[in-house]
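Protein chains: 2
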Amino acid sequence: MPAKPKIVIVGSLAYDNVATPYAARKNALGGSVSYACAAASFFSPCGMVAVAGTDFAAGSIRKLRKFGIDLRGLQTAKGKTFRWSGVYEKDFNSRRTLWTKLNVFQSFLPELPRDYRRAPFLFLANIAPALQAHVLEQVSRPEFVMADTMDLWINTARADLLKLIRKVDLLLLNDSEAMLLSGERHLVAAARRIMKLGPRHLVIKKGEHGSMLFSGKEMFILPAFPLQSVIDPTGAGDSFAGGLIGHLAAQGKTSPAALRRAMVHGTVTASFACEDFSIDRLSSIRRASIKKRVGEFLKIVKT
Amino acid sequence: MPAKPKIVIVGSLAYDNVATPYAARKNALGGSVSYACAAASFFSPCGMVAVAGTDFAAGSIRKLRKFGIDLRGLQTAKGKTFRWSGVYEKDFNSRRTLWTKLNVFQSFLPELPRDYRRAPFLFLANIAPALQAHVLEQVSRPEFVMADTMDLWINTARADLLKLIRKVDLLLLNDSEAMLLSGERHLVAAARRIMKLGPRHLVIKKGEHGSMLFSGKEMFILPAFPLQSVIDPTGAGDSFAGGLIGHLAAQGKTSPAALRRAMVHGTVTASFACEDFSIDRLSSIRRASIKKRVGEFLKIVKT
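Line by line, the protein sequences give chains A and B.
The opening position of the first sequence corresponds to residue 226 in my numbering, with each subsequent residue numbered one higher.
The opening position of the second sequence corresponds to residue 226 in my numbering, with each subsequent residue numbered one higher.
Hints should not be assumed to be uniformly reliable.
[As the list claims (entries may be wrong)] Cβ-to-Cβ under 8 Å is the rule here; a few derived chain B residues that face chain A: (1) N242; (2) H359; (3) H411; (4) V413; (5) A414; (6) F445; (7) L452; (8) R485; (9) L523; (10) I525; (11) V526; (12) T528.
[Said to hold, decoys possible] Within a straight-line C-alpha distance of at most 30 Å, the following computed DSS-like cross-link-like pairs (lysine-lysine) qualify: (13) B:K229 / B:K315; (14) A:K421 / B:K524; (15) A:K524 / B:K478.
If you're looking for bench data, these hints aren't it; they were derived computationally from the structure.
The model shown is predicted, which means the values in this text are computed figures rather than measured ones.
For each residue, glycine too, the CB sits at the ideal point set by N, CA and C.
Here chain A stands alone, though its shape is the one from the complex (with noise of 0.2 Å):
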């Protein structure tokens, strides 16, 4: 039986379908739950929340259970897996979703097994903000709670949002959703708003512009790992959110020093993210790997 695990973690677990300019991809293994829990995986022992359909493959289970994921908050519900299809245009710069097809996530109550609930750490991915929220009464007294959301929810259930926000130690938004909540253009000024609606930090994510650190009013900012190529950036936003949590986990301190770190290690395991379609690339790489580029990493960035 596995150890009560430091991390939980709830979203959504899809087969995708991803073209980019250069390949593409059927049926890859995705959703929020998957990059963030394996990236996760690598720092602190993480437990998935999240619902599959009974189509979904035995060998999928296997990929998710090499990282040492611990899978009994996975339901299966009648149904199909949630689907998705999007496309990256010229550059990777933006990305378009082609269809979506929520299937078995439409009814997802996620509930979490019994020793998921004293969790010390939990990272809310992009779900429902009701469902978010579901989570966390669930959770007795975490120490540390993140949370991830999308424009979907910023447009339709800001109220929900709102309520949640006011609850998370850590909201980690992009930063077009960042300008889309605050209603500012600039993230400054975004990131200084949105910290009035109650989160302790906020994290604000630029893709290959790298990601931005708000903590009270200390501010941190750290670039993209410079990849030479990249396969398939998508993920890497969770990846990015799974290796920080993870990390954060690892090392028992969230202070804003801790946080910095957390945010190179959550940096570079997104970049081996990117450097394969679904979490392939991560699945063949260990936690030497990532303190390897670590290194590499904190030489090119160090003033």
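Add chain B to chain A, keeping to what the hints say.
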């Protein structure tokens, strides 16, 4: 009589009509050489090589002199000063040139005063590569030569440009120019290819996303300074370059570590330039203002 300048900068001197989504300014003193000399002058004595028309205002001369810029290399030619008009689209993400009037710039042949010819630091800001080469020939054994260029010369004077690049210590390009020159879509791959053209160092400017330095196999990535609001980004790249070479000259070293420090100072100087039209914000600050912001910036990027 001014001391011999430690840095000589050649480039365009202009009056600009600039419109941003929030404000506009006509007849703003601009051009690469104004911004670069103003920025460099905070750190080291700097001599300008440029051409003005007979319409060049005494007030503009006073503005430049206030920085302590040596203007003995500024020619006055019969006709009007170079003029440029541009407009920034929403969020300053793209700039469109409305018109350019070369005027006296059309027949500009840069001639260096005797006192400039032994300057150890030379910045060939954006003008035709043949003119950059003409200036380079007049300086005897410079210690460090930096050159900028633009898409126009990459497209129309490629042979001249490639000849020049082989002779410079540091080539300065923005991201789209690096892709255009190399034919590569990823900046790291583009940089590897450009390094083979001969420059000892390459700096790629990414605007609000910062800059990258390539020196041999070494790489350095620096974010931009996070401004809460931008008034006019015109001249930011030239201010960055001027601050960079100014600080290098002040250090008297051109090692990769010295280059990193110089890029930090260039970045901070450029951030001030964006806080008003023309060189107005640079006119209102002192070296101590830059030093203070450098301190803040180093805290922001510390891993």
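### Query
Can we keep the A414 (chain B) interface hint, with Cβ of chain A closer than 8 Å?
Hint on A414 (chain B): holds, closest Cβ of chain A at ~6 Å, below 8 Å.
### Message
Would the hint linking K229 (chain B) and K315 (chain B) be met if the CA-CA limit is 30 Å?
### Response
With Cα atoms ~44 Å apart, K229 (chain B) and K315 (chain B) exceed 30 Å; violated.
### Query
How about H359 (chain B): closest beta carbon in chain A under 8 Å, or not?
36 Å, violated
#### Entry: Supplied contact hint for R485 (chain B), tested at 8 Å Cβ to chain A
With Cβ-Cβ at 6 Å, under 8 Å, it holds.
### Task
Given the hint that K524 (chain A) pairs with K478 (chain B), test it: the Cα-Cα distance must not exceed 30 Å.
20 Å, holds
### Task
With a cut-off of 8 Å on the beta carbons, see whether I525 (chain B) makes it to chain A.
5 Å, holds
#### Entry: Residue hint F445 (chain B), partner chain A, criterion CB-CB below 8 Å
6 Å, holds
### Query
Does the alpha-carbon distance linking K421 (chain A) and K524 (chain B) stay inside the 30 Å limit?
Given that 30 Å is the threshold and the Cα spacing comes to 23 Å, the pair holds.
#### Entry: Interface hint for V413 (chain B), Cβ within 8 Å of any Cβ on chain A
At about 5 Å, which falls below the 8 Å cut-off, the nearest Cβ of chain A leaves the hint on V413 (chain B) intact, so it holds.
### Query
Holds or violated: L452 (chain B) as interface residue toward chain A, Cβ cutoff 8 Å?
7 Å, holds
### Query
Any CB of chain A closer than 8 Å to the CB of H411 (chain B)?
H411 (chain B) check passes; min Cβ-Cβ to chain A is 6 Å, inside 8 Å.
### Message
Under 8 Å is the threshold here; is the Cβ of V526 (chain B) close enough to any Cβ of chain A for the hint to stand?
### Response
6 Å, holds
When held up to the earlier numbered hints, the structure conflicts with 1, 2 and 13 and fits the remainder.
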